[in-house]
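Student: Spelled out from the first residue to the last, the chains are:
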Amino acid sequence: MSIRDSAPILEGLADAIVAADESGRIIYANPAAAALLGWSQLEMLGMPLSGLMPPRMQALHEAGFRRYQQTHRSRIMGRPVRVPARRRDGVELDVELTLSSVREDGQEIILASLRDLRERVELERQIVAQQRLAAQSAVLSIFVGAETVEGAASGALRALGENLGWSLGTFWLLRDGRLRWVASWHAPGFEATTFEALSRESSFAPGEGLPGYAWQARKPVWIADMKSEASFPRARVAAAAGLHAAFAFPFLVGGEVAGVVDFFQQLPLPVDEDLLASVATMGGQIGQCVERIEAQARLREAVLAAEAARAEAQASQRRANFLSEAGAALASSLDLRETLRRVAALAVPAIADWCTVAALDPEGTLQRVAVAHADPENRALAEEYEARFPPGRHRAGSFPGVLNEGKSVLQPVVTDEDLRAAAQSDDHLRVLRGLGCASCVMVPMRIRGQAVGVISLMRGPAAPSFGEPDLRMAEELARRAELAVDNARLFGEAQRERSAMRLLAEASALLSSSLEVEVGLQRLAQLLVPRFADFCTVEIIEDGELQPVIVGHADPAQADALRQLLLRHPRDPQGSSSVARVLRSGKSELHPSVADPLLEQGASAPAHLEELRALGLQSALVVPLAGIDRTAGALSLGWAESGRRFGPGDLELMEEVGRRAGVAVENARLYRATQQSVRLRDEFLSIASHELKTPLTSLQLQVSLLGRNLAKAPLPPERLEAKVATIEHQVQRLGKLVDSLLDVSRAAAGPLQLETSDVDLAQLVQEVASGFDAALAAAGCRLLLTLEEGVVGRWDRMRLAQVITNFISNAIKYGAGAPIEVTAAARGDRAVLTVRDHGIGIAPRDQRRLFQRFARAVSPEHYSGLGLGLWIVRVLVEAMGGTVAVESQPGAGATFAVELPLVSKFADADLRR
Amino acid sequence: MLISGGNLPSMDGSSPCDHLVLVVDDDADIRESLSDVLTDEGYQVVTAVDGRDALVKLRGPGVAPCVILLDLMMPVMSGVEFYAEKQSDPKLSSIPVVIVSADGNVRLKASSLGGEYIAKPVRIEQVLDAVQRHCA
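Protein sequence lines, in the order shown, are assigned to chains A and B. For the first sequence, my numbering begins at 1 and goes up steadily by one. For the second sequence, my numbering begins at 1 and goes up steadily by one.
To be clear, the hints were calculated from the coordinates, so they are not data collected in a lab. Bear in mind the structure is a predicted one, so any value in this text is a computation, not a measurement. Any given hint could turn out to be false.
Stated by the list, open to error - Below 27 Å or equal to it, Euclidean Cα-Cα: the simulated BS3-like pairs (lysine-lysine) are:
#1 A:K813 x B:K57
#2 B:K91 x A:K813
#3 A:K723 x A:K712
#4 A:K693 x A:K813
#5 A:K587 x A:K712
#6 A:K723 x A:K813
#7 B:K109 x A:K693
#8 A:K736 x A:K693
#9 B:K91 x B:K109
Unchecked claim - Cβ-to-Cβ under 10 Å is the rule here; a few derived chain B residues that face chain A:
#10 A28
#11 D29
#12 D36
#13 P75
#14 G114
#15 G115
#16 E116
#17 R123
#18 V127
The beta-carbon is built from N, C-alpha and C at its ideal position, and this holds for glycine as well.
My request is simple: use the sequences and hints to build the entire structure.
Tutor: This is the structure:
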């Protein structure tokens with residue numbers, strides 16, 4: 001059927017139909033077409049098809065039409081396409097164009113069917129508009145209900161994406177000067193993992209990338225195809241992910257861009273102004289919501305801050321109260337331990353769940369002084385901790401650092417691993433865990449740059465962690481504690497000083513409280529116990545012997561037991577006991593801790609050692625009693641039952657006591673010696689005067705008699721002769737006595753001047769003996785001489801005669817009625833002379849003193865004599881290079897022996913026989 | 001009146017002879033000198049060398065001196081020991097004693113030994129005075 005034939009049908013169609021010939025001119029247009037396009041049917045006849053199009057489409061149409069003419073192929077033939085058409089009045093409208101071709105009468109006719117899309121477009125627009133409104137309201141409701149922007153972001157992206165039908169969206173917030181990723185959304189089924197991952201890591205500055213573009217523009221922006229935006233950092237990845245069109249819009253808070261939302265579509269799209277307007281609105285709404293959210297957040301923060309400030313103020317107040325209480329508590333006691341215990345007790349539970357305080361004791365050892373725990377159930381555990389795990393042995397962890405470097409440590413969170421590292425053993429770990437250590441503060445106490453201790457505060461897992469304010473407060477506490485510690489120490493030192501001064505004053509008073517130094521020493525020993533020792537002994541050296549021991553103990557029974565022990569086992573001054581060493585060296589010995597080896601040194605036998613062990617000696621101190629140029633004795637102090645120990649401070653004090661005791665002993669000795677000396681001298685003087693007066697008596701009487709007889713009548717010559725002889729005899733006696741006295745003073749003044757010559761000993765003895773004939777007879781003593789011949793030495797004849805005379809006259813005096821034996825012999829290079837009597841003898845005690853000046857071994861009541869004789873003998877014999885000795889038993893006589901050198905000291909060669 | 005030593009009057013020991021003096025001294029020269037002085041004045045003299053000797057002589061027959069001149073410092077038995085012995089013997093206790101001593105404290109010592117003393121060196125007058133007070 002031809003077009004003409006179908007014209008009536010075509011005339012009635014609602015769709016616009018336009019037919020054109022091969023050249024593209026319109027040959028027919030139905031009324032619908034005319035109505036649609038605004039031309040009359042007639043007017044359209046002969047118009048080119050391009051006349052129905054907007055000018056910009058004409059070139060495309062021309063090209064397509066030409067191609068069709070040439071090739072009979074068309075891209076758009078047969079399928080509906082949406083194109084803009086132009087009405088007569090120039091208004092453009094979207095139509096759906098379907099092209100087809102028919103042949104008629106050998107000619108090709110092109111049929112174009114045009115469907116007005118305006119309604120559809122309008123519908124579409126309405127739909128889109130509704131979608132956009134829905135998107136807006138969805139986004140708005142999400143943001144309205146949101147507490148944080150981040151929380152709303154994902155939901156908003158989904159609302160936008162689903163409602164707008166776009167494939168992928170990203171939410172950016174401005175933070176730290178850049179737009180940073182907050183959330184991503186992609187349409188279900190669309191995968192863009194790489195792109196999303198890249199976005200997550202990206203951040204943009206103004207003008208950088210798509211978000212930066214929107215930021216800089218401060219309004220929504222459109223990208224038709226990301227592929228062509230080479231400068232965008234994500235462009236390549238976007239394109240690779242199949243993302244082409246994109247838009248981004250900012251939202252403002254307080255007039256400034258606070259964030260950007262961008263969306264991507266899977267195909268390139270021309271700019272959609274409407275969409276842009278819509279998202280601009282959304283941007284505005286989001287901005288307001290964000291502003292509200294931020295305001296709310298700020299309000300919440302402000303409330304929280306106010307809360308926190310209030311809590312902090314309360315905490316601060318608590319801390320200040322605590323510090324004030326602590327300060328008062330610390331200042332109220334001078335007892336160091338007590339003070340630090342209070343610190344610990346105060347800290348718990350006010351600022352910590354448990355607290356330990358460790359301090360250096362005077363010996364420099366770190367001691368745990370106090371442990372306090374808030375939970376009474378944990379008391380036992382806390383005490384175990386205190387007793388068993390001394391702080392000095394912390395293996396690792398902060399403790400050693402705090403102590404040595406003096407730096408505080410705040411460990412807000414203490415993990416089990418930390419505990420394990422710090423624990424010295426499994427047990428220690430168990431205790432630490434049991435006590436609950438989840439947060440910890442440790443502060444050192446320092447005095448004048450020296451660490452003196454550590455305060456450790458611990459909180460359990462249930463309590464809030466320690467923070468900076470707690471650390472500062474702990475440091476404040478430590479400052480106060482340091483002050484208290486210093487005060488306590490200084491006080492303690494002052495106390496000790498005073499105590500020491502008092503002791504020394506008391507000691508001096510006691511030492512001089514009696515004329516007998518032993519009494520003073522006993523009182524001193526009692527003074528020292530039990531304050532300064534559990535027991536105390538004083539041993540004095542007198543004439544090379546250790547005198548009976550002075551013992552002090554608070555319990556008299558114990559003192560006695562010790563005294564007995566020491567008497568049973570007399571100390572050997574040359575032995576290896578501590579006391580013996582001190583006596584020899586004059587240097588003190590301090591044994592802070594006494595162990596078996598020390599006891600063994602002082603033990604003379606296993607039984608003795610057992611007895612020493614039984615004393616329970618823990619600590620000992622031995623100081624010398626210092627005399628003028630010798631050690632006069634030793635003062636020993638011991639701690640036993642009270643378990644205390646001596647330290648260097650004690651040593652100093654007791655050395656001073658020892659010095660004073662030594663002075664007292666020396667003074668007593670010197671006094672005794674002086675007294676003795678004076679007594680002997682007085683005795684000597686009285687005897688001397690007695691001796692002198694004896695011959696004077698006879699002399700005086702005889703002379704007086706002579707005088708009387710002269711007056712009365714002359715005496716017969718024989719009587720006169722007798723009297724004169726008596727007078728001469730007395731004068732000689734006097735002379736000898738005076739010589740003796742002179743000898744004494746000469747000998748005292750200096751060494752004797754000897755006049756040596758060759759002396760035959762036997763011959764000299766006989767000479768001296770013969771002068772004693774009368775006296776021997778009168779005393780009834782027989783003299784027996786055993787004299788070796790030829791014993792010749794180079795000696796002072798007169799002095800040696802004096803020696804022999806002395807011995808013989810003593811023998812007569814003390815051994816009257818018994819024989820006297822004198823021997824002289826040579827023995828090796830010595831000449832030996834002995835004089836033996838069988839008289840009253842000499843006690844061993846007196847033998848020692850016999851050859852001393854003024855020494856007398858007999859009572860002055862019975863025996864006259866100056867007591868110089870043997871001393872003079874000694875002086876003379878020693879001057880001749882010899883020795884004198886005595887052997888005697890009381891009642892069994894005495895043997896005096898003199899040894900003289902045969903070879904002269906003065907190197908006279910031809911003496912020996 | 002000179003009476004040479006020799007025949008002593010026979011005594012029964014109950015009454016002292018007013019001519020007899022006992023001289024006790026360990027020094028021979030002093031014994032001799034005192035004897036000379038006393039015999040020159042007509043006394044009879046008995047001497048003893050120490051306290052024990054003196055007691056023996058006193059307890060012997062015919063020795064009842066009117067006074068004893070007693071030295072203090074003597075061996076075997078001193079003057080003090082002798083005096084104590086003498087005082088405890090009723091037969092001897094009444095015989096007066098004059099201490100003759102060179103001891104520096106003779107006065108003090110003599111006070112418990114009868115109280116009479118002469119300090120050596122003695123003068124003849126002192127000796128004769130002392131003897132005459134107790135003897136005829």
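Student: Each of the hints needs a verdict: does it hold here or not?
Tutor: Outcome of the hint check:
no., hint, in the structure
1, A:K813 x B:K57, "holds, 23 Å"
2, B:K91 x A:K813, "violated, 32 Å"
3, A:K723 x A:K712, "holds, 16 Å"
4, A:K693 x A:K813, "holds, 19 Å"
5, A:K587 x A:K712, "violated, 83 Å"
6, A:K723 x A:K813, "holds, 26 Å"
7, B:K109 x A:K693, "holds, 17 Å"
8, A:K736 x A:K693, "holds, 13 Å"
9, B:K91 x B:K109, "holds, 24 Å"
10, A28, "holds, 7 Å"
11, D29, "holds, 4 Å"
12, D36, "holds, 6 Å"
13, P75, "holds, 5 Å"
14, G114, "violated, 18 Å"
15, G115, "violated, 20 Å"
16, E116, "violated, 17 Å"
17, R123, "holds, 6 Å"
18, V127, "holds, 8 Å"
Violated hints, in rising order: 2, 5, 14, 15, 16; the structure is consistent with all others.
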